[in-house]
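Asks: Chain residues, written in single-letter form:
There are 4 protein chains.
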Amino acid sequence: MKKMRVGVCGASGYAGMELLKILKRHSQTEVVFLTSESHKNVKVGDFDPSLVDYQDFTYVSMEEESIYQNVDAVFLALPHEASALAAPKFLNKGIKVIDLSAAFRLRSIPLFEKVYKFKHHSAELVSKAVYGLTEIYREEIKKANLIANPGCYPTSALLPLIPLLKSKIIAPDHIIIDAKSGFSGRGRKADIPGLFIEMNENFYAYGIAGHRHKPEINQELSSAFEGKVTAAFTPHVLPVDRGIFSTIYIPSKENIAGQVLDEWEQFYQGEPFIRIYRKDLPQLKWVAHTNNVFMSAVYDEETQNLIVVSLIDNLVKGAAGQAVQNMNVMFGIEETEGLR
Amino acid sequence: MKKMRVGVCGASGYAGMELLKILKRHSQTEVVFLTSESHKNVKVGDFDPSLVDYQDFTYVSMEEESIYQNVDAVFLALPHEASALAAPKFLNKGIKVIDLSAAFRLRSIPLFEKVYKFKHHSAELVSKAVYGLTEIYREEIKKANLIANPGCYPTSALLPLIPLLKSKIIAPDHIIIDAKSGFSGRGRKADIPGLFIEMNENFYAYGIAGHRHKPEINQELSSAFEGKVTAAFTPHVLPVDRGIFSTIYIPSKENIAGQVLDEWEQFYQGEPFIRIYRKDLPQLKWVAHTNNVFMSAVYDEETQNLIVVSLIDNLVKGAAGQAVQNMNVMFGIEETEGLR
Amino acid sequence: MKKMRVGVCGASGYAGMELLKILKRHSQTEVVFLTSESHKNVKVGDFDPSLVDYQDFTYVSMEEESIYQNVDAVFLALPHEASALAAPKFLNKGIKVIDLSAAFRLRSIPLFEKVYKFKHHSAELVSKAVYGLTEIYREEIKKANLIANPGCYPTSALLPLIPLLKSKIIAPDHIIIDAKSGFSGRGRKADIPGLFIEMNENFYAYGIAGHRHKPEINQELSSAFEGKVTAAFTPHVLPVDRGIFSTIYIPSKENIAGQVLDEWEQFYQGEPFIRIYRKDLPQLKWVAHTNNVFMSAVYDEETQNLIVVSLIDNLVKGAAGQAVQNMNVMFGIEETEGLR
Amino acid sequence: MKKMRVGVCGASGYAGMELLKILKRHSQTEVVFLTSESHKNVKVGDFDPSLVDYQDFTYVSMEEESIYQNVDAVFLALPHEASALAAPKFLNKGIKVIDLSAAFRLRSIPLFEKVYKFKHHSAELVSKAVYGLTEIYREEIKKANLIANPGCYPTSALLPLIPLLKSKIIAPDHIIIDAKSGFSGRGRKADIPGLFIEMNENFYAYGIAGHRHKPEINQELSSAFEGKVTAAFTPHVLPVDRGIFSTIYIPSKENIAGQVLDEWEQFYQGEPFIRIYRKDLPQLKWVAHTNNVFMSAVYDEETQNLIVVSLIDNLVKGAAGQAVQNMNVMFGIEETEGLR
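Residue numbers (our numbering), protein chains in the order written: chain A, 308 to 647; chain B, 308 to 647; chain C, 308 to 647; chain D, 308 to 647.
Bound-form chain A, shown alone (with noise of 0.2 Å):
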């Protein structure tokens, strides 16, 4: 069978490493270039030793002609304005496009613009993405060209709290996420507070009230919703590499913990990444390195709260490897293909 081919535009990053890591995984993909502005024309073996099956790539820029020809798909792990330029360049070729960055994630052009500070330069092209939370939208994936892969805490957030608020198990009213994350979701820049000796053995909340992915996960809760949510969201940093755990707050006057954990089963029955957790409370580490998705619920009597926890990798289930799952769904390859 003849492989497809794909580029990984962003492949220094924690993002496109990771990316690149998967894809040596997978069985009908073939990785046909890798570009990085910072690093273009160093060979990946002098870049990171441990990418061992990169060795002989040699980093290209955007600008290179030849990575817009004879490509099947292409992953963007890019920043967020540099996506935008470049999906319509891919598109018009024909190029399917999995962008890991926000660029076409919020649906309202003047909210985007708000969030990110940028004017959106493929705005036209919104309406067209389709949002890659793959067990919500996996039909619209199937016919899609380009994916707005989903930020990693929306994923962990989106997936407990979409079948119940479609169903309205749940009321949308004060809900509350707590996430905590690993330390690869800040991507890969030096400056002092990212040093280990500052982060190691030290834990903290950052970005309370105003992180840039509240409006991606409530535009995501209102439309499964059918009508306005406005879930509160605070991230926090873990000291370890990898992981988010979100334990989020749902005021419920009765006891709808079986309830829940009945309506995820049916819900995502099949699903191959998600596992509904019955017994005792999952933990981070075990979904470190895979593209599952645990979630456990418990109600607490005295506060009539529903307390649901849900956990990811934060660069395998919340980015390259559902970029990947998005990829097999596009192109009707076996969805745990590369995965696992």
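Because the hints were derived from the structure by calculation, they are not lab data. Remember, predicted model here, so these are calculated numbers, not experimental data.
Because identical chains share one entry, a pair is satisfied inside a single copy or across any pair of copies.
With a straight-line cut-off of 30 Å between C-alpha atoms, the simulated BS3-like cross-links for lysine-lysine are:
1) LYS560 / LYS535
2) LYS347 / LYS586
3) LYS424 / LYS535
4) LYS424 / LYS586
5) LYS435 / LYS421
6) LYS421 / LYS560
7) LYS331 / LYS310
8) LYS424 / LYS435
9) LYS496 / LYS350
10) LYS309 / LYS328
11) LYS473 / LYS560
12) LYS328 / LYS586
13) LYS400 / LYS449
14) LYS421 / LYS586
15) LYS309 / LYS331
16) LYS496 / LYS426
17) LYS331 / LYS586
18) LYS475 / LYS560
19) LYS560 / LYS424
20) LYS328 / LYS310
21) LYS496 / LYS586
22) LYS449 / LYS331
23) LYS350 / LYS586
24) LYS347 / LYS496
25) LYS400 / LYS424
26) LYS331 / LYS496
Here the structure of chain A is known, so what remains is to put chains B, C and D in place on it, guided by the hints.
Replies: The following block gives chains B, C and D in isolation, referenced to the frame of chain A:
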């Protein structure tokens, strides 16, 4: 000046060992005995060579008669039931007791027996015990003979909330405390989940809805509010040695962040260990190995929540440090002595 | 194509669990049973929910008769003595055995019994076992029925040293191996020194002069050199999950670093897992979760020492990965299958 | 009693910040200024909110004239070249200088200039400087005006080796020092290799054969032996905040472990910070946040090596702690003051 003579019961656990380190820096105390039932007759130097200043001490049993003589104060870092039994023996000899267990924290005996699942052996002492949250109960502590030193989670949650409930700046409804603790909070017990490889690169919630510190927190919140408060409380474990980070959600129709910061500053004016933090957000590492409490507040307009963070070292302000702070208050010693 | 049927004995320890993950990615094997004496009759899903692909397996005992039927190969991740007893039972049924314990590694029975302190129950099999250092003994492994899979430390020390002793580029005297291992090397046992808080932010040496891997290393070095070699070996524990980093000191009057690198490149030409690293120095994280070996060499003119570093993942190339590599060789499967 | 007035130059790096913490606990000093060229005119509270006792200090520049007036002693935690320039300015005003850089450690100017690659601006002061290894040079330190505070690796290697070379219990040949340091040893610089995700779960060697601490170590070993000693030295980085663990190999035909332990005990009799450890092996965590040195020795009969381990906290005994210890000696203060 003659030094106070103090003893430490349960000196081979993490809180007991932290007490020893603090007492060594204290210019006005002399440690005169250490007990450990599991290590009785063992030299401290053979048990833990890092306790270099106590190498020549030998752990004795609580059965040892001499420990009840010629001592000014005793710290109990014992299991709850052992504390309940030991406290009257010291009190009867005129020795002041600072109990780090939960034995005397809950004022309702039936609630205590439901939560801790054993019959209270010294129920008559409960009403005489003072809850040792120093900044709140300082005047009572000065006159107390028996201190119920607060739990670590309660300390981190109560210090920011009590002034806000007392002043009615916040309402008592739907308060949510999402707390994250370092590993030392679980104590020194050998089991598979406690192994390095199980906790390293991991994170999880536990005891959702049913943790024993919830009634303790709500007792004190209700007392401050002079009315029933039922806050939700979810503890999690962080892969760090020490520290508690509580993220607290309080519904509020108006932006009260400024008012909250001002109230704290006024309420805690002159307090040596309370740090009201107005710039950005505080980090867990800042409080490690200190008796300090950092607190900060942000208002989320969109979801109408006040979000408070409160940080302590669970072994210091959450246990041994606050115990010594209380001892200082009881004996008229400068409150920061030994605690910098 | 019909898949090979394989069993894993001792599948609840760290090496056994790593085997399960690797075998799941292997396209030509089917795992047909898992044993665990401590968890017999327990469902894997109840023991470790992270082993998502084995949730419906139930651990059986080695007493279970059916495990000796209709199986092509078995991995023994058992205690040494249990392996010595189990191996003949499988071999007698024509089942090939890959033993991850030390039971068949030392060719001298008296030395074995001195080091491991029990009488060898299958001494007659020792001479038939092949030491499974794949790159060195590949031809013998092809024909073997019983593989003594090498220890983790020996794997990291032998792969760089054997070619240098065989070619006499280095002399056999005064070789020092200073090795550092991740925590998983100590296995799954609950005790105080293994607790997160004891190992986190810690590092220490253990078993100086007397570690059981020293005779294994020296047996193979002597065999390569065709003369007695007695290298010094000091193991240390690192506060990381996995990996072994060996720093090896070899006296040499001349600068042989270039010659050493060339010899390795020639000796290991075409080897899929051996990485000769000529630029700067390799890092432990590069080998985590891989079957790769990185090696590098520097000459210190001033002290006349060749300094070699050698890095592996102790659970993969140092245990489960090399075991699967050996299985692949034994059954004529592509050597990298399941191991990328 | 009037407190000594001390200043800290370079107070925004890790060693400078450690100095501030120690000086705060010191009953006989008052910190009167802090300098930082990169943060001049910045309030300490804005730079590092965890330095709670210095919140109201403002960093000044070394250009500020007032810092050279009315001060008893100054600590230089500056880059090597800046220290060489600053020392004479303070000395000329009669201010005693404790320099934590390498500027005055090497007694040979040509060697210094070769190793540190700049022309020494205060070469004439080198012969007046005393090497501040307190336990070895205490008498000279008492009379010194300029202290060259030892490097962290040298401190850990020299303290066990000097008594053995002085007494000729060991021979000077083929000594190998394999040293492992916590991350703080590399200082506060923002780069990709220093990021949490790069160092966490990692370990590596660096500067093999060419580290700048090698000539410093060998200068002092040769001085102790009264003959040339050329030990090998390989540094590695551990994924922990602090600590140095040196494993030292010394060839010896006879078992001298007992003799070595006895010699240390005699040589270091009465030393408050030296811990000769005869039972089992010491652990890095025992010395964290202390000025203690643990040392231990084992003989390996089979390979005829004495193996010594030596442990310190690189920021305390390896930098700021020893600096304060030296200040205490210089000013006739109790040597343990501020250092417990």
